[in-house]
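Visitor: Respectively, the protein sequence lines represent chains A and B.
Following the numbering used here, the numbering of the first sequence begins with 1 at its first residue and continues without gaps.
Following the numbering used here, the numbering of the second sequence begins with 1001 at its first residue and continues without gaps.
Please note that a few of the clues may not be correct.
Stated by the list, open to error - Selected chain B positions facing chain A (Cβ under 7 angstroms, derived; list incomplete):
#1 1132
#2 1134
#3 1136
#4 1142
#5 1143
#6 1196
#7 1261
#8 1267
#9 1269
#10 1271
#11 1272
#12 1274
#13 1284
#14 1285
#15 1324
As the list claims (entries may be wrong) - Here are the in silico distance ranges between beta carbons for each label pair:
#16 28(A) x 1187(B): 27 to 37 angstroms
#17 1063(B) x 64(A): 22 to 32 angstroms
#18 75(A) x 1004(B): 40 to 50 angstroms
#19 1056(B) x 180(A): 51 to 61 angstroms
#20 1064(B) x 28(A): 40 to 50 angstroms
Hints in this document: simulated from the structure, not taken from any laboratory.
By construction, the Cβ of each residue, glycine as well, lies at the ideal position given by its N, Cα and C atoms.
Number of protein chains: 2
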Amino acid sequence: MDNPIRIGILGYGNLGRGTVKAVKQSSDMEIVAVFTRRDPADLELEDASIPALHIDEITDYQDKIDVMILCGGSATDLPDQGPAYAQLFTTVDSYDTHAKIPDYFEAVDAAAKEGGNTSIIAVGWDPGLFSINRLVSESIIPNGETYTFWGKGLSQGHSDAVRRVEGVKAGVQYTIPSEDAMDRVRSGENPTLETAEKHRRVCYIVPETGYDEAKIEHTIKTMPNYFADFDTDVHFITEEQLAKEHAKAPHGGFVIRSGQTGEDNNQLIEFSLKLDSNPEFTSSVLVAYARAAYRLNQAGTTGAKTVFDIAPGLLSPRPASDLRRDLL
Amino acid sequence: MDNPIRIGILGYGNLGRGTVKAVKQSSDMEIVAVFTRRDPADLELEDASIPALHIDEITDYQDKIDVMILCGGSATDLPDQGPAYAQLFTTVDSYDTHAKIPDYFEAVDAAAKEGGNTSIIAVGWDPGLFSINRLVSESIIPNGETYTFWGKGLSQGHSDAVRRVEGVKAGVQYTIPSEDAMDRVRSGENPTLETAEKHRRVCYIVPETGYDEAKIEHTIKTMPNYFADFDTDVHFITEEQLAKEHAKAPHGGFVIRSGQTGEDNNQLIEFSLKLDSNPEFTSSVLVAYARAAYRLNQAGTTGAKTVFDIAPGLLSPRPASDLRRDLL
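Just chain A, same shape as in the assembly (with noise of 0.2 angstroms):
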């Protein structure tokens, strides 16, 4: 056995919990030290051999760790973070603002290539595995059409949305994809569907004692852009149903492609997940991506990679002719 692939993490939010597990799962791997902008003391980390380290201390940690995996959120974090550290560590990380991501690549293109780093960014399931089946199916199949679908799943932004609604204490949305138009797109029929159409919401309401239930449905089903072009229900819960049955943060979706081969024959190419916990599913796939992260920078390739430019075989810890023989 090769000596372990040296893992570092940076932020202990949900995505750091789980690449906490996911390390853990991954016989090739050790965490060298989680690092937080917080009070290192107030991490809580299930196992207390790992080290909690002030982020102050990174740079000490050049020489110690050989992935940093970098668990901030897209909005505020990573936009200062990915391109900073992928100067000073080969780094992995879920990038997830589409339409930045061209930008967000040359800035940590910059900074891997400047500090001889290899930084695979945007890794995740969308983008990410989802992406790879967009593209994977789209080269196969030229003559058809993409579909994403999103769902059955909790989503957080609409979440934050409802909860921002006057009258309500606390609430929960998930996006569920239309069986319907789900339907259509497998039978090859090659629809144009706009958003609103391959989707549905449904939120679950603990409305604050007193608030006229009508008026916040009404808000929120005509909310512009959240809710507003979409087929919606509301429901009205109590703080204990919230916490009993709604605590999970469940996702998934589909991305489908159909088209024609040759003169009529149709191909249809389906790729879903169905995760009960899509941060730590997240957090899967981004250790995963660092083994092939380390391992690209060991063969000297340096600068910003996203999943297309990562070759399957890199995810595995077993060697090429074990994964020819029993996978292929």
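Starting from the known structure of chain A, arrange chain B on it as the hints suggest.
Guide: Same frame as chain A, now just chain B:
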């Protein structure tokens, strides 16, 4: 636009015909010639502008062809052709004898390196896209089980077997995945399932005049290895029905990985294909990987490769920056 990738096609059975169609859907490629062991005048190419040449002329084309797509079969053609032509050309093939892949890889690898060529072997959907999904999903969710289901699809080997039964004039066999077994897998139960529990078999038989149908049915259902262990249905039909309802070669299947992250969060990854034409789809995969083989060879990478070694971005004719912007 760069010069088109110059494609040669060796063999003009179902796979060769599908490859011609698939290259025509690829704007960055052109077909230089189709090579055959038969009399080239007999090929009946739909597009008369494509030269049909005898295989003896193939060595004259080393400088005129960038990638030779080997469209022969795994049983008798590819064991010789794979290594032989890897020495002369960058190649892709659909070698699919799973158990012999390691030996085949070594033979092609030596030949390709000697010739300075790049040869991607065992390309298609299984081995191929299914293999990638087995590998990637196992790498992301190490704690779990992977299940491959085949069908609904026409099985060539099993169709041949029923046609060898005395009294059978013609016939086809479909492999059908067990919905019950798939439901158990999707539920997160992680059951142990033999191939016979995962699939059932349905035969459509045209009997010779005067033969006892009950005897034919019994012979089929008790045939060792092929049918004895399976839930098998046998239907008797006319030659007209066979020609009308069973002329296509549909296939497909499912790769499902079910596992756990953290303590008890179930995560399900599913990939599936539903193909009207198995050979045309396999050809389309070959053509996408021909693009990758060409690029790897241009970049100086030689030897045998499998789908595990190919980064997804190499499959697309589009520039990497476009892929990041549009598909990530």
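Visitor: Which of the numbered hints are not met once you compare them with the structure shown?
Guide: 6, 17
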